[in-house]
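Student: So you can see what is in the structure, the chains are spelled out below.
2 protein chains.
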Amino acid sequence: MENIPTLEHIRAAHERIRPFIHRTPVMSSELINAQAGCSIYFKCENFQKTGAFKIRGAHNAVLSLPATKISKGVGTHSSGNHAQALAKVAANVGCKAHIVMPESSPEVKINAVKDYGAEIYFCASTQQAREETLRSVLRDTGVTLIHPYDDYNIIAGQATVAVELIEEVPDLNILMVPVGGGGLLSGTCLAAAYLLPEAIVIAGEPEGADDAFRSLQMGMIHPSIEPNTIADGLLTSLSEKTFGIIQNHVHEIITVSDMEIIRAMRLVWERMKILIEPSAAVPLAAVLKRPGEFSGKRIGLILSGGNVDLGKFKFD
Amino acid sequence: MENIPTLEHIRAAHERIRPFIHRTPVMSSELINAQAGCSIYFKCENFQKTGAFKIRGAHNAVLSLPATKISKGVGTHSSGNHAQALAKVAANVGCKAHIVMPESSPEVKINAVKDYGAEIYFCASTQQAREETLRSVLRDTGVTLIHPYDDYNIIAGQATVAVELIEEVPDLNILMVPVGGGGLLSGTCLAAAYLLPEAIVIAGEPEGADDAFRSLQMGMIHPSIEPNTIADGLLTSLSEKTFGIIQNHVHEIITVSDMEIIRAMRLVWERMKILIEPSAAVPLAAVLKRPGEFSGKRIGLILSGGNVDLGKFKFD
Numbered sequence: 000m001e002n003i004p005t006l007e008h009i010r011a012a013h014e015r016i017r018p019f020i021h022r023t024p025v026m027s028s029e030l031i032n033a034q035a036g037c038s039i040y041f042k043c044e045n046f047q048k049t050g051a052f053k054i055r056g057a058h059n060a061v062l063s064l065p066a067t068k069i070s071k072g073v074g075t076h077s078s079g080n081h082a083q084a085l086a087k088v089a090a091n092v093g094c095k096a097h098i099v100m101p102e103s104s105p106e107v108k109i110n111a112v113k114d115y116g117a118e119i120y121f122c123a124s125t126q127q128a129r130e131e132t133l134r135s136v137l138r139d140t141g142v143t144l145i146h147p148y149d150d151y152n153i154i155a156g157q158a159t160v161a162v163e164l165i166e167e168v169p170d171l172n173i174l175m176v177p178v179g180g181g182g183l184l185s186g187t188c189l190a191a192a193y194l195l196p197e198a199i200v201i202a203g204e205p206e207g208a209d210d211a212f213r214s215l216q217m218g219m220i221h222p223s224i225e226p227n228t229i230a231d232g233l234l235t236s237l238s239e240k241t242f243g244i245i246q247n248h249v250h251e252i253i254t255v256s257d258m259e260i261i262r263a264m265r266l267v268w269e270r271m272k273i274l275i276e277p278s279a280a281v282p283l284a285a286v287l288k289r290p291g292e293f294s295g296k297r298i299g300l301i302l303s304g305g306n307v308d309l310g311k312f313k314f315d
Numbered sequence: 000m001e002n003i004p005t006l007e008h009i010r011a012a013h014e015r016i017r018p019f020i021h022r023t024p025v026m027s028s029e030l031i032n033a034q035a036g037c038s039i040y041f042k043c044e045n046f047q048k049t050g051a052f053k054i055r056g057a058h059n060a061v062l063s064l065p066a067t068k069i070s071k072g073v074g075t076h077s078s079g080n081h082a083q084a085l086a087k088v089a090a091n092v093g094c095k096a097h098i099v100m101p102e103s104s105p106e107v108k109i110n111a112v113k114d115y116g117a118e119i120y121f122c123a124s125t126q127q128a129r130e131e132t133l134r135s136v137l138r139d140t141g142v143t144l145i146h147p148y149d150d151y152n153i154i155a156g157q158a159t160v161a162v163e164l165i166e167e168v169p170d171l172n173i174l175m176v177p178v179g180g181g182g183l184l185s186g187t188c189l190a191a192a193y194l195l196p197e198a199i200v201i202a203g204e205p206e207g208a209d210d211a212f213r214s215l216q217m218g219m220i221h222p223s224i225e226p227n228t229i230a231d232g233l234l235t236s237l238s239e240k241t242f243g244i245i246q247n248h249v250h251e252i253i254t255v256s257d258m259e260i261i262r263a264m265r266l267v268w269e270r271m272k273i274l275i276e277p278s279a280a281v282p283l284a285a286v287l288k289r290p291g292e293f294s295g296k297r298i299g300l301i302l303s304g305g306n307v308d309l310g311k312f313k314f315d
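So the protein lines, in turn, are chains W and P. The first sequence lines up with residues 0 to 315 when you count with numbering that gives the first Met the number 0. The second sequence lines up with residues 0 to 315 when you count with numbering that gives the first Met the number 0.
Bound-form chain W, shown alone (with noise of 0.2 Å):
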């Protein structure tokens, strides 16, 4: 797709990823709610298949290409949900998927992108290293590259969460998201801004990844350097295709501290009983860190993963 998604095409892309995504719940917590000062509806992306929202953009963007190109394989980088959500994708449609992971990724994500049966590199940790060695295998392997946000298909799939969350629930007064690359969050301002115009978007982030926050603010963007978070997912920066989407339509993005993704985060597990990653939190945070602004709002919230490694994990 050479173009910004149009309503049509998100709706096209709903059809076509459909018979391989979870309609995820939406739920609600009393006591979150309390807290807050505002009805947040919680879109459950958490329980979705490979355990996070990135499994609809990689379909739609793999199911997109011409049959010849699905055939030869597709290839990318990544050490998080893309990776996984590629390889299952690969699995589904009967292709091979070419990933180049860091060698520092969890086992568990490594273990997980090979059960699907995909093909792995690895590689050093930079950036610089994992670009080269992408590269290399794309010219070797004449895999298509499926770029994990920088691409309209993958936003035309991930704004299907917000589409069915807008189904759900149709009187929002504002949907908020987490951004780190913005694939999430470009498809949530367009499936806001076609379904429901009145509403606002607004984007939590966390302080020491905050890419986005500043190239809004400098109106160009600015990446982040050495990003520095808990939240895992949401260390990559804006492209050109989702700075361009998010410029026009984001109302506001919020910075967060790692503390308060964490006491946001534990919150959820303790009082909803469901689990959730740091960077799914971070909209969260950003609701509780502002009290009263958001009094009387009802806000849908995108829980956009559940893949925690448990066995770094301590609260206290």
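Just some of the chain P residues that point at chain W, by a computed CB distance under 7 Å:
id	residue
1	N45
2	F46
3	W268
4	K272
5	I273
6	L274
7	G305
Hints were generated in silico from the structure; no laboratory data involved. A quick note: this is a predicted structure, and the numbers were derived from the prediction, not measured. Using N, Cα and C, we set each Cβ at its ideal position, and we do this for glycine too.
Fit chain P to the supplied structure of chain W, relying on the hints for placement.
Tutor: Just chain P now, with coordinates in the frame of chain W:
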């Protein structure tokens, strides 16, 4: 109620408590099914109000009292989920709950009971201190004792979990639940006997608190002397009323080690992205312990609760 609850009693209990409880969802995991070699339907009482099924029996027991008794208040001793449940029920029906709690109770549970407005009486951690303190509270206040499980109204309330599960998945071969004092197990036995007599009921029990296993073998109640297990909801021993029902109906009790419980709990957290407490993982641990034995079966498994002290928790 003086006699073992009939199906009509259980149906009446269900109507009585319906306005105060969630109808909890039934969930499945392809990955866990593949690993276990059978189809498991998890009834998610971890999503129940107060985080455990106990609210069902407590509501039924209190609402079955005459209005004059309700207005005088209710009392019990408990360090855990029954304390929270009774405090919440009392708040719902507008009477006072008097709860004897051991000083060693987790602060998070003490606070939850306090938040519901209950009066707390602290005592030493021994069974004797708990019972003596409760006796003096009952004598001084004139409130009605609500026993956590040795009460047919409690048992009828807990039976409604299995009623809902059987309504939702009608062709189960096996129902599986954890056993502590036996309220949930005896209620499940009755619901299965009335509504799905071709199914068998199997309980999971921690090796460190295996009084139900031993009592069944010996044909008489053998309480645990110094129970010790990570499954803190299953430290109690069977009572006259629960033992009577269980002895007549249960097919088998399978004991599992704390290691097996932790492994099963982690599997549910990681694969299903939901929080369950150690006690709730006991039946799954029993399934995984006997590979092949449940092959191809359709198992309805009750996840009894999700109240975990995250501050204390570490998997590796």
